[in-house]
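Protein sequences, first through last, are from chains G and U.
189 is the number of the first residue of the first sequence in the numbering used here; add one for each residue after it.
189 is the number of the first residue of the second sequence in the numbering used here; add one for each residue after it.
Hints listed in this document are in silico derivations from the structure and should not be mistaken for laboratory results.
Treat the hints with care, since some could be wrong.
With a straight-line cut-off of 27 Å between C-alpha atoms, the simulated DSSO-like cross-links for lysine-lysine are [what the hints assert, rightly or not]:
{"id": "1", "chain 1": "G", "residue 1": "190", "chain 2": "U", "residue 2": "492"}
{"id": "2", "chain 1": "G", "residue 1": "317", "chain 2": "U", "residue 2": "190"}
{"id": "3", "chain 1": "G", "residue 1": "190", "chain 2": "U", "residue 2": "245"}
{"id": "4", "chain 1": "U", "residue 1": "190", "chain 2": "G", "residue 2": "211"}
{"id": "5", "chain 1": "U", "residue 1": "270", "chain 2": "G", "residue 2": "270"}
{"id": "6", "chain 1": "G", "residue 1": "350", "chain 2": "G", "residue 2": "385"}
{"id": "7", "chain 1": "U", "residue 1": "211", "chain 2": "U", "residue 2": "222"}
{"id": "8", "chain 1": "U", "residue 1": "222", "chain 2": "U", "residue 2": "197"}
{"id": "9", "chain 1": "G", "residue 1": "492", "chain 2": "G", "residue 2": "481"}
{"id": "10", "chain 1": "G", "residue 1": "445", "chain 2": "U", "residue 2": "445"}
{"id": "11", "chain 1": "U", "residue 1": "481", "chain 2": "U", "residue 2": "492"}
If you only want the chain U side, here are some residues facing chain G, beta carbon under 8 Å, derived [to be verified]:
{"id": "12", "residue": "257"}
{"id": "13", "residue": "266"}
{"id": "14", "residue": "281"}
{"id": "15", "residue": "393"}
{"id": "16", "residue": "441"}
Since the model is a prediction, treat every value here as computed from it, not as a measurement.
Positions of the beta carbon are idealized from the N, C-alpha and C atoms, including for glycine.
Number of protein chains: 2
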Amino acid sequence: MKIQDVARKANVGVGTVSRVLNKNGYVSDKTREKVEKAIRELQYTPNELARNLYHNKTNTIAVILPDASNPFYASLVNEIEKALRVQGYKTMLCNTVGEKTNEELYLNMLQRNMVDGILTGTHTLDNWKYAEIVGPIVSFDTPPLSETTPVVTVDHGTGGRKAAELLLESGCRHVVQFRDNVFDSFPFFERHREFEKTIREAGAICENYIMERDCFTEDFYERIVEDCFRKYPDVDGIFGTDMPAAFSLKRALMMGKRVPEDLRIVSFDGTYLINSIYPTLTCVRQPIRDIAKAGVDQLIRMIKGERPVNREIKLPVTIDIGMTTMTVR
Amino acid sequence: MKIQDVARKANVGVGTVSRVLNKNGYVSDKTREKVEKAIRELQYTPNELARNLYHNKTNTIAVILPDASNPFYASLVNEIEKALRVQGYKTMLCNTVGEKTNEELYLNMLQRNMVDGILTGTHTLDNWKYAEIVGPIVSFDTPPLSETTPVVTVDHGTGGRKAAELLLESGCRHVVQFRDNVFDSFPFFERHREFEKTIREAGAICENYIMERDCFTEDFYERIVEDCFRKYPDVDGIFGTDMPAAFSLKRALMMGKRVPEDLRIVSFDGTYLINSIYPTLTCVRQPIRDIAKAGVDQLIRMIKGERPVNREIKLPVTIDIGMTTMTVR
Numbered sequence: 189m190k191i192q193d194v195a196r197k198a199n200v201g202v203g204t205v206s207r208v209l210n211k212n213g214y215v216s217d218k219t220r221e222k223v224e225k226a227i228r229e230l231q232y233t234p235n236e237l238a239r240n241l242y243h244n245k246t247n248t249i250a251v252i253l254p255d256a257s258n259p260f261y262a263s264l265v266n267e268i269e270k271a272l273r274v275q276g277y278k279t280m281l282c283n284t285v286g287e288k289t290n291e292e293l294y295l296n297m298l299q300r301n302m303v304d305g306i307l308t309g310t311h312t313l314d315n316w317k318y319a320e321i322v323g324p325i326v327s328f329d330t331p332p333l334s335e336t337t338p339v340v341t342v343d344h345g346t347g348g349r350k351a352a353e354l355l356l357e358s359g360c361r362h363v364v365q366f367r368d369n370v371f372d373s374f375p376f377f378e379r380h381r382e383f384e385k386t387i388r389e390a391g392a393i394c395e396n397y398i399m400e401r402d403c404f405t406e407d408f409y410e411r412i413v414e415d416c417f418r419k420y421p422d423v424d425g426i427f428g429t430d431m432p433a434a435f436s437l438k439r440a441l442m443m444g445k446r447v448p449e450d451l452r453i454v455s456f457d458g459t460y461l462i463n464s465i466y467p468t469l470t471c472v473r474q475p476i477r478d479i480a481k482a483g484v485d486q487l488i489r490m491i492k493g494e495r496p497v498n499r500e501i502k503l504p505v506t507i508d509i510g511m512t513t514m515t516v517r
Numbered sequence: 189m190k191i192q193d194v195a196r197k198a199n200v201g202v203g204t205v206s207r208v209l210n211k212n213g214y215v216s217d218k219t220r221e222k223v224e225k226a227i228r229e230l231q232y233t234p235n236e237l238a239r240n241l242y243h244n245k246t247n248t249i250a251v252i253l254p255d256a257s258n259p260f261y262a263s264l265v266n267e268i269e270k271a272l273r274v275q276g277y278k279t280m281l282c283n284t285v286g287e288k289t290n291e292e293l294y295l296n297m298l299q300r301n302m303v304d305g306i307l308t309g310t311h312t313l314d315n316w317k318y319a320e321i322v323g324p325i326v327s328f329d330t331p332p333l334s335e336t337t338p339v340v341t342v343d344h345g346t347g348g349r350k351a352a353e354l355l356l357e358s359g360c361r362h363v364v365q366f367r368d369n370v371f372d373s374f375p376f377f378e379r380h381r382e383f384e385k386t387i388r389e390a391g392a393i394c395e396n397y398i399m400e401r402d403c404f405t406e407d408f409y410e411r412i413v414e415d416c417f418r419k420y421p422d423v424d425g426i427f428g429t430d431m432p433a434a435f436s437l438k439r440a441l442m443m444g445k446r447v448p449e450d451l452r453i454v455s456f457d458g459t460y461l462i463n464s465i466y467p468t469l470t471c472v473r474q475p476i477r478d479i480a481k482a483g484v485d486q487l488i489r490m491i492k493g494e495r496p497v498n499r500e501i502k503l504p505v506t507i508d509i510g511m512t513t514m515t516v517r
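My request is simple: use the sequences and hints to build the entire structure.
Next up, the structure:
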């Protein structure tokens, strides 16, 4: 079934059918009705590829993330898909799992008109690669990718400070934070800095356990948590994202430690993982739905040719008191 | 930058440039070199939309799932994305969250040439809607969608029987299984049937706790688990997928129950959630990576016009003995 068949049936030109389908240009009501009748009778479905080429739009957004099975990214992409769907966009899921080549390949899709925009939560490429890309990009928790690329992040500084305060108030004197080995241009670097600063200013010891980036397997978490307890057998407090926090809790209980008496734990992220665990974890929670919505809103502004609201949108974090700290608030 | 610019620069016709780009039709080596030189010098990037229209291919697969943040679906889509990427396909993520209209909308994409095929892990539509769709579709754990649609599933019957045996061997006499309210045409119906049958044949009591379908929030799991313990305060064994199993464990510990002395738990799925929890859960594990690969392989055979290997591919499950049962094997 082709557009030509519709034109023949309605006894009009192909251009007229095209104008009706694309809702642009002048078509008289009578002609429109004729065309619509022919479309109905022939059960004609327009070829979306042809429509896309005509409009030079795909209504598709690439969402680039390291690993879609990690609870944080799984929740983020889920909320992004919902927010995009409401706006009439489809979600192209792109895992990078730390491979540079994938990220470059995905960026290239924007230039080749395969997607209308990019939301990226990963950043392994040099900035100039992003600067070269002409088109709407919004990133999550990365350094500024280019002069025109907005970033959506959370108030990591406050998150780090509050986590440190929760551990200190619980009596911690020797804590570990699990952290990535990243440059200080990443927004979450602030979380690690504020955490360490707050602990040190209170006269306590802060160890930094550096994790490889973009590793998300259970084996990886088992291994680093075991290694951490071997390196620092006397720690009385732990701070990390949900996965290392949950695996630290599991390991501590396996070792016969009492939580929170012997060891206090504060996690960062607050995904559903936290709520599935007992004792419940005290956590600094990221507003995942708001992060997704803010990113989608910014991107759609850019696609429409409007200016992004801000170069950086910083959303607030909240505290959930669980059973792994001893503070009563 | 258009294909016309390349043609002018190389001093050839547009058709020649198109033949070089699409690698079909005859072009002499000398002409090909001229065209490739012009492409390089102009830094021409082909418009993928035009290419797609020409080939009538998008190299994109729609993956339709109820909720991409649920640990099982998050792991499944993650493995699907990797398996598709290796084969040169991109992943369009489509959540349905139980809305019929979404599933229909997504199916329609196949007809409108927006995707080359569909992998679906959800099924809320009547079968005739699927039967109407002309194009490659493979489903996970659904009834046969049409005469030509293959299904990838696991050996649910064995899974249910083994779970029941693990609970019986641990001394259970009164167990609950969390289950969906679905027709017996769903492959996982077999799991519930075999579980119940095995428990009853041993002279023990099996309660069926019916869950609403397509609910995945933490609040939902908290609520049903609380309700289940209220309805059946004397149960000594629980069987459910990872989320209800994990929330049952949490609730039991909060209520002061000893696990496994007072309550034994076996979960079904074996996602990373299971490994993040202490005491570790005994589980019947689905081979998520193999499920993803089998689905992708079948679909790509169909896209290439080959016949699917089988109407139903049934993969084996494995048992992981954790700390929530008392069997020593």
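Checked hints:
1. G:190 / U:492: holds, 23 Å
2. G:317 / U:190: With a Cα-Cα distance of about 23 Å, the restraint between residue 317 of chain G and residue 190 of chain U holds, given a limit of 27 Å.
3. G:190 / U:245: Status holds; Cα separation ~17 Å.
4. U:190 / G:211: holds, 26 Å
5. U:270 / G:270: Given pair residue 270 of chain U, residue 270 of chain G holds - Cα atoms ~22 Å apart, limit 27 Å.
6. G:350 / G:385: holds, 12 Å
7. U:211 / U:222: holds, 15 Å
8. U:222 / U:197: Cα-Cα ~9 Å, so holds.
9. G:492 / G:481: Measuring from Cα to Cα gives roughly 16 Å; hence the hint holds.
10. G:445 / U:445: holds, 20 Å
11. U:481 / U:492: At roughly 16 Å apart (the allowed maximum being 27 Å), residue 492 of chain U and residue 481 of chain U satisfy the hint.
12. 257: holds, 4 Å
13. 266: Result: holds, 4 Å to nearest chain G Cβ.
14. 281: holds, 4 Å
15. 393: violated, 26 Å
16. 441: It holds, given that the least Cβ distance between residue 441 of chain U and chain G is near 4 Å, below 8 Å.
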